[in-house]
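Model the full structure from these sequences, guided by the hints.
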Amino acid sequence: MKLTRRILASLLVGGVMTSVMPAFADDGEPIKLGAFVPVTGAGALGEASLVAVELAVKQINEAGGIAGRQVQLTVADYQTDPTIGVGEANRLVHQVGIDMAVGPTYSQVTLAVLPLLSAGQIPSINVSGSSTFTPAVGPYSFSMLPNAETQARAMVENAIAEFDAKKVAIFSDNGAQAKTAVAEIQKVLEEKNIALTGIQEYNYNSQDLTPQLLALRSGEPDAILLFTSTGDDTANVLLSRAQLNWDVNISGSYGVSLATQALAAGGADLFNNVIALNYAGFTYCKADGKPQRAIDLVEAVRAYKPDSAARYPMNFLALFYDSVFILKTAVEGNGGDTSGPAVAKWIEENIQSFDGVNSGLAVGAGSHFLIGLDALAIVKPATIDEYGIQERAGC
Amino acid sequence: MSIDELALILVRGLGQGAIYALIGMSFNIVVNSSGILNFANGTLMILAGVLAFLFLPATPGFVGWALVALAIVAFLFVFVLLQGVLTLFPLKSSVEQHSWLITTMAVSVIVSACIHLYGGSLAFRVPPLLPPVSVFGLSTPSAYFLLIGLAAFWFVMIGWFHKNTRAGLAMSAVAQDLDAGKAAGIPVRRIQLYAFGISGLVLGTTGFVGAPVINISAETGIGYLLSGFTALVIGGLGSNLGAVVGGSLVGVLSMFAAYRFGGIYQDTVTMGLLIAVLMFRPEGIFGLAASRKV
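Same order as they appear, the protein sequences are chains A and B. The numbers in the working numbering rise by one with no breaks, and the one at position 254 of the first sequence is 256. The numbers in the working numbering rise by one with no breaks, and the one at position 85 of the second sequence is 103.
Derived by calculation from the structure, the hints in this document are not laboratory data. Beta carbons are placed, not taken as given, at the ideal position from N, Cα and C, and that holds for glycine. Where hints are given, some of them may not hold.
[What the hints assert, rightly or not] Stretch by stretch, here's where chain A covers chain B in the computed footprint (C-beta under 8 Å, at least three residues):
#1 136 to 143
#2 191 to 205
#3 261 to 269
#4 280 to 289
Structural data, given as structure tokens:
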């Protein structure tokens with residue numbers, strides 16, 4: 003009986019100690035980082051995401067790790083499928099026992115895996131833009147993507163400021179984020195008393211978009227608010243616009259700044275009358291010079307993956323790269339505590355001090371999106387240079 | 019709708035429809051001789067486009083263009099012939115055994131994965147072979163006209179082949195009655211392999227000629243396959259005339275749906291057409307009703 007009591011007491015004390023102690027570990031034990039990236043499947047950006055995380059982990063480990071502990075990376079290829087994402091999240095949380103995570107990129111996958119990460123109190127930084135991603139859904143998770151509402155508001159304001167637009171049309175892909183953005187754009191248009199002449203959608207990877215543009219053209223808008231998610235889709239829209247000999251103004255989302263494919267397909271003329279949003283860390287005004295951190299990252303990627311670096315959208319890659327460093331900074335800021343509540347608290351209180359490729363990060367009230375309007379800039383997409391850096395409009 | 023808008027929808031719809039028709043015809047060649055539906059057709063067409071991207075020089079002259087075209091078409095002929103060997107090898111009867119359902123899918127998945135490993139998920143952009151054509155003042159990629167011409171060419175050529183060559187006649191005989199063909203001494207396996215090879219020729223030329231207007235990437239083959247198959251079912255499985263008519267209907271209707279109702283309704287309208295046709299003619303517009311033993 004005494005023995006049983008002692009065992010019970012020991013278990014109780016042990017349990018209490020475990021629950022109240024921060025998630026510290028022995029110095030020799032690595033920090034386990036899970037990376038949710040769509041290496042295969044329909045994701046056009048998965049490879050770049052993976053390279054970003056691998057490079058960040060490599061650099062961190064070479065510099066001594068996080069709070070003296072090496073980082074051990076485990077990759078979860080969710081193939082853009084929420085079901086596979088949940089399976090991979092189960093593996094990372096329950097088998098691998100990750101301490102923190104980066105990704106996913108797709109909102110529907112992020113929303114599917116967040117309950118598992120939250121239950122395990124695992125801090126994470128994803129790259130998703132759905133408005134349904136809130137602190138209540140992911141108390142220890144943050145996003146490095148501007149949410150759809152932020153982009154929507156900026157796109158409308160840019161169309162008014164740059165093109166003096168009084169009537170506009172909306173053209174977007176059919177993804178979840180785009181649908182949220184379109185709904186938000188309509189609200190902002192109403193608020194600003196701007197007429198809406200038409201709305202059109204396209205499926206991802208549709209090559210010929212002239213029928214949709216033809217339909218929009220009949221409304222004679224001053225500008226199109228274009229929400230794309232990939233450089234290929236941007237190229238398809240702009241090539242179709244050129245085939246219609248229609249030089250309508252375009253105020254684009256971040257996806258429209260992914261200019262490499264369009265430039266290769268049709269040259270800089272495709273971007274006449276086009277402005278777009280980009281991460282401020284990859285933009286410059288001639289008077290200020292180009293951002294050195296972005297240049298350093300691109301050169302590091304080229305050295306790490308010389309054969310394939312050319313095809314990565316570097317501004318997107320930087321989001322994953324910065325995500326790992328944000329987690330590192332937060333853990334070190336907490337004295338090595340990797341637990342979700344501690345990391346989340348640090349990010350909420352100190353993210354503005356983060357000095358990465360992206361700057362101007364902030365956490366708004368009731369939001370865990372780190373990219374607000376201050377971290378974005380309006381660019382002329384065709385000015386993209388060999389580092390993926392673009393000149394800001396209105397310099 | 020103005021005349022220029024109507025022209026745009028018709029020309030581009032027929033151009034897109036030609037892609038579906040050509041995929042449909044490549045289905046027919048194989049299915050008529052072996053009962054096998056080659057579900058790798060979409061990806062094989064994309065493979066030809068990838069090869070065009072890789073091997074077409076930046077500014078090809080006519081000779082360079084023709085040589086690359088010949089090389090790609092020859093490669094596809096051999097590749098699909100080999101696929102035929104692998105598909106038919108384990109089968110005693112392709113009509114009664116159905117492992118081809120998986121093996122043809124597997125080829126599609128493997129080829130897609132190889133394209134993905136080589137180039138990631140980004141689209142391969144192939145420059146146009148000829149300058150665009152102005153249609154009512156609107157610039158139209160020349161590839162659409164070439165594809166329409168190519169569909170007409172293969173429609174005539176395959177018809178001629180079936181009527182005027184020994185292999186073609188044997189293929190027609192096998193299509194009508196495989197067992198009777200065997201009993202008459204037709205080398206059925208060899209004929210079936212020819213069919214695979216010829217379908218490779220059709221897909222090779224389609225991928226090469228249509229590359230500037232086809233979205234060439236690791237993930238897009240399945241979409242073209244589904245559209246081609248839908249067009250074929252509408253037109254009538256086994257009928258090349260059905261493939262051409264079905265392809266044209268799907269292409270034009272899809273373009274019109276994007277213009278009139280929005281891009282998101284393209285597939286809905288196409289599937290609506292499929293259901294409507296199948297309700298009244300389950301064998302498709304030009305398909306032959308199959309007899310069955312009772």
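To see whether the hints hold, each was checked on the structure:
Evaluation of the coverage hint for the region 136 to 143 of chain B: fulfilled, as 6 residues show C-beta separations to chain A shorter than 8 Å, against a requirement of three. Check on the region 191 to 205 of chain B: 0 of its residues sit with their Cβ under 8 Å from a Cβ of chain A, so the three-residue criterion for coverage is violated. Counting residues of the region 261 to 269 of chain B whose CB falls under 8 Å from any CB of chain A gives 0; the rule of at least 3 is not met. For the region 280 to 289 of chain B, the stated coverage by chain A is satisfied: 5 residues place a CB nearer than 8 Å to a CB of that chain, which reaches the threshold of 3.
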